[in-house]
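The whole structure should be built from the sequences, with the hints applied where relevant.
Using my numbering, read the sequence shown as starting at 367 and increasing by one per residue.
FYI, nobody ran anything at the bench for these hints, they're computed from the structure.
For each residue, glycine too, the CB sits at the ideal point set by N, CA and C.
Mixed in with the good hints there might be a few duds.
Unchecked claim - Restraint ranges, calculated between C-beta atoms of paired labels, are given here:
{"no.": "1", "residue 1": "410", "residue 2": "435", "range": "17 to 25 Å"}
{"no.": "2", "residue 1": "424", "residue 2": "390", "range": "20 to 28 Å"}
{"no.": "3", "residue 1": "405", "residue 2": "430", "range": "23 to 31 Å"}
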Amino acid sequence: MVQYLQGRFGIDQGEVMPFSDFENDGPMWAGTGTREVRSPIAFSVPFSMPPLVHLGVTMWDISETAAMRLDLASEEIGATGFTLRVRTWSDSRIARLRVAWIAFGACRDDELWEVD
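This is the structure in structure tokens:
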């Protein structure tokens, strides 16, 4: 658990479609084996330290002829953003995916002075 004893608490959120591969037979739709897509996500305002990030799938367009396999993660979380990583494998076919994210954590408080 992270506890914030002073300062401000901020929440940022967004939604992103990291790929749409069915129109052009991209790798997530037409490929096989392990496939991965990484998308950089920037926060609207920097946090004062890396926040907690939660991800949720809001749309998943897949083939009915293959197994559903999806590994979704937030990586390289920093004060200004993170990397969204989407992975699938074997014969899974994902046409497109939309992911919602929410980040919450400490923000800079203009009332607190920083002394070097």
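For each hint, the structure was consulted:
no. : hint                  : in the structure
1   : 410 / 435: 17 to 25 Å : violated, 32 Å
2   : 424 / 390: 20 to 28 Å : holds, 23 Å
3   : 405 / 430: 23 to 31 Å : holds, 26 Å
In this structure, only the earlier hint numbered 1 is contradicted, and the remaining ones agree with it.
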